[in-house]
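Enquirer: Here is how the chains run, residue by residue.
There are 2 protein chains.
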Amino acid sequence: MAEKSFHEIEGGLLVADGFVASTAEAGIKPKGPDMLLLHSRTPACAAATITTNTFRAAPTYVTENHVANGHARTIVANSGNANAATGEQGMANARRMAELTAITAQVPVDEVLVCSTGRIGVQLPMERIEAAIPELCRSLNRDCAPEAAQAIMTTDTVPKECAVQFEAGGKRGRIGAIAKGAGMICPNMATMLCFIATDVAITPELLRQALGAAVSKSFNCISVDGDMSTNDTVIALANGEAGNELIDDEEMHRFTVFCEALDFVTRDLAKKIARDGEGASRFLEVRVSGARSWDEAHTVGRAVTRYNLVRTCIWGGDFNWGRIAAAIGASGADIDPAGVSIAIGGITAFAAGEPVEYDQDEADAVMAVDEIVIEIDLAAGDAEAVCWSCDLTPEYVELNAK
Amino acid sequence: MAEKSFHEIEGGLLVADGFVASTAEAGIKPKGPDMLLLHSRTPACAAATITTNTFRAAPTYVTENHVANGHARTIVANSGNANAATGEQGMANARRMAELTAITAQVPVDEVLVCSTGRIGVQLPMERIEAAIPELCRSLNRDCAPEAAQAIMTTDTVPKECAVQFEAGGKRGRIGAIAKGAGMICPNMATMLCFIATDVAITPELLRQALGAAVSKSFNCISVDGDMSTNDTVIALANGEAGNELIDDEEMHRFTVFCEALDFVTRDLAKKIARDGEGASRFLEVRVSGARSWDEAHTVGRAVTRYNLVRTCIWGGDFNWGRIAAAIGASGADIDPAGVSIAIGGITAFAAGEPVEYDQDEADAVMAVDEIVIEIDLAAGDAEAVCWSCDLTPEYVELNAK
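Protein sequence lines, in the order shown, are assigned to chains C and H.
My numbering applies: residue 20 is where the first sequence begins, and numbers increase by one.
My numbering applies: residue 20 is where the second sequence begins, and numbers increase by one.
I should point out that these hints are in silico values taken from the structure, not numbers from a laboratory.
Since the structure is predicted, the reported quantities are computational estimates derived from the model, not experimental observations.
Just so you know, not all the hints are guaranteed correct.
If several chains are the same, the list does not tell them apart, and a pair holds so long as it fits within one copy or across any two.
[As the list claims (entries may be wrong)] Straight-line Cα separation of at most 16 Å, EDC-like style, residue types lysine to aspartate or glutamate; simulated pairs:
no., residue 1, residue 2
1, LYS290, ASP36
2, LYS236, GLU118
3, LYS23, ASP353
4, LYS50, GLU166
5, LYS421, ASP383
6, LYS50, GLU224
Using the sequences and the hints, build the whole thing.
Expert: Encoded structure:
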């Protein structure tokens with residue numbers, strides 16, 4: 020890769036000019052902050068990608084509807100309750116969250132996006148949410164980025180944030196973002212949420228294009244348990260406070276710079292989600308090369324990261340490359356096994372369709388580290404993709420028994 | 020269902036006239052019988068269904084090739100080694116198993132089918148196999164049905180056999196069968212093996228048709244871990260020793276009777292595999308109704324039985340119907356959530372798109388039994404399907420760490 024056109028900075032969600040946020044302990048979760056308001060002081064354009072689960076949560080419909088015109092300023096989110104599989108009452112509650120926020124924050128209702136994450140099938144405690152929203156609107160500030168990352172956590176063990184700075188059309192541009200997600204993670208989109216706030220000036224069309232491309236190569240490449248969620252939502256708000264000349268052409272150099280910065284942020288957060296997978300003890304990166312297309316590489320990588328028997332032997336530290344072969348074969352991709360090569364931690368176990376002798380002590384050693392890299396060469400083309408996951412542990416099962 | 024046209028009998032694999040078998044401890048597994056020879060004393064027709072995994076094992080190619088003409092008399096099988104991802108040497112070894120069996124048993128090589136199950140990516144210990152095959156051929160007998168079921172076991176905790184008797188065209192017909200499978204089970208086909216020996220007289224075409232239909236509604240409806248194997252094979256041999264008039268027309272009553280008996284045998288063994296899933300403590304049956312087609316019902320049932328987060332809460336005894344909704348939504352079927360109803364253990368939790376109040380004590384009680392039944396009504400048509408699985412337990416992870 021060429022020299023990076025951006026650099027990572029401290030500060031999390033609120034590094035971009037013009038954004039404020041606030042959090043509240045509304046009592047939806049047993050403890051800790053469980054509501055977040057993110058708001059741009061000036062009008063912003065917006066883009067979102069939303070789960071393809073047909074049982075998707077009520078707030079995803081409100082968000083989809085309100086983001087359709089490419090403009091939104093405010094996100095209201097809660098953790099502890101997914102507002103999914105909640106029928107008509109759930110839809111009314113999601114709309115009510117948007118309306119109350121709009122009235123109190125004095126923005127049009129269709130500029131308010133709504134997100135929920137947590138238990139499925141239980142109605143939101145609306146009296147608590149209605150009590151919290153005015154307080155959230157009153158207390159908007161620029162200093163609560165750490166609390167913002169915490170307010171959307173459910174089974175996450177660490178908050179997840181990322182911020183970058185770059186030059187866009189002669190001006191300093193910034194992106195701040197937070198994400199959550201640890202279980203029910205197989206985005207297409209996962210339950211993951213990600214909120215991205217940037218101060219670049221960009222058209223809604225190009226923001227949507229940049230976000231779609233970034234999500235497909237980041238969040239859509241991670242799997243914790245293969246279980247697609249009802250609530251996955253990634254939202255980007257861009258308020259133009261950086262003062263750069265508008266990014267309104269995909270051929271512009273500054274669009275490329277913005278996309279590179281956005282890709283870094285989304286990949287960084289996606290990997291943080293995989294690393295913090297429920298019960299995870301090891302991080303898994305699967306690099307697929309030699310595919311005929313990115314889709315084919317992604318299909319194979321995804322299948323390997325979803326194969327329970329690969330993930331259990333990552334936990335057990337077993338150099339069991341045969342299960343990787345089985346997963347590749349089960350992926351549905353039209354693979355010729357005679358061309359395939361497989362390596363784990365740099366040790367080739369299968370080359371061009373034939374098993375290869377390896378040193379068992381070396382194999383044991385590469386399985387004893389915290390980050391396992393599996394490389395798969397399909398020898399069918401030039402395309403490649405990278406997918407991420409974590410090991411499957413007894414702790415995962417224990418965590419999800421209730 | 021109308022009165023059954025068959026009844027279950029004791030005796031396992033060898034109840035049908037004219038079949039003999041033998042087992043050996045060849046030392047492929049650490050202990051116990053690990054090779055099986057099944058043989059018809061008279062010519063037999065044969066049908067097989069084989070895994071769709073593109074990384075399928077060498078013996079599946081030999082079996083596919085030899086069964087293509089609809090005739091085979093002998094199956095040679097080993098457990099402890101899958102002979103999968105073993106390249107050219109693996110292919111030569113699978114062919115050698117067939118050739119040596121053919122020579123010693125004095126049958127044409129293309130009447131010998133080969134199956135392996137066990138660890139992937141390791142070459143077969145051919146000297147041990149070559150030493151065992153002559154002994155297997157010498158010791159063929161009609162009394163070793165229990166040992167036959169054991170000889171194909173890997174991580175199975177119990178042998179799996181089933182036998183039925185029925186009247187076919189005025190004669191007594193019988194089907195005896197064994198199966199194995201506990202992990203890497205998501206047949207399409209799964210690692211499961213199933214050998215079926217019947218003495219009815221039937222054409223190869225109708226045997227193939229009956230077997231295909233039976234497998235799609237039995238083995239292809241079970242999932243232990245969602246991981247499609249490299250070796251799954253179901254083989255049926257029919258030697259005509261019952262002396263019935265040939266079944267050569269699908270409109271014949273005796274074809275219907277045979278199919279009903281075969282369906283029972285394959286479903287019985289499929290459920291035994293799900294019940295004996297690696298680390299399983301509870302059996303799960305998912306009944307999907309109101310679908311527009313069997314395929315749609317099967318897609319939804321399969322998705323629910325594959326959803327890790329459903330299977331963990333079955334283990335935990337948590338009446339977490341919301342995860343079932345998420346699994347239905349993630350299935351890829353074109354579902355309208357507003358019509359869907361969900362019940363667990365007879366307690367409706369979600370009716371026509373709305374959550375329903377239920378008594379928590381009653382919900383806890385239905386989750387405390389060994390067999391959990393989930394009913395899903397899609398309210399979109401008249402088709403239905405049943406899928407089976409087991410709970411996901413910490414023991415499953417422990418078992419598969421190495």
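Enquirer: Under a CA distance limit of 16 Å, which applies to LYS290 and ASP36: within one copy, between copies, both, or neither?
Expert: Cα proximity of LYS290 and ASP36: none, with 26 Å in one copy and 60 Å across.
Enquirer: At 16 Å max between alpha carbons, let me know whether LYS50 reaches GLU166 within a copy, between copies, both or neither.
Expert: within (13 Å within a copy, 58 Å between copies)
Enquirer: At most 16 Å between alpha carbons: which applies to LYS236 and GLU118, within, between, both or neither?
Expert: neither (34 Å within a copy, 50 Å between copies)
Enquirer: With 16 Å as the alpha-carbon cut-off, assign the pair LYS23 and ASP353 to within, between, both or neither.
Expert: Result: close neither inside a copy nor across copies, 36 Å intra and 43 Å inter.
Enquirer: I want to check one pair: LYS50 and GLU224. Are their C-alpha atoms no more than 16 Å apart within a copy, between two copies, both, or neither?
Expert: neither (40 Å within a copy, 65 Å between copies)
Enquirer: How would you classify LYS421 and ASP383 at a CA-CA limit of 16 Å: within, between, both, or neither?
Expert: Answer is between: at 12 Å across copies they meet the 16 Å cutoff, but 35 Å inside does not.
When the structure is compared with the earlier hints, violations turn up for hints 1, 2, 3 and 6 and for no others.
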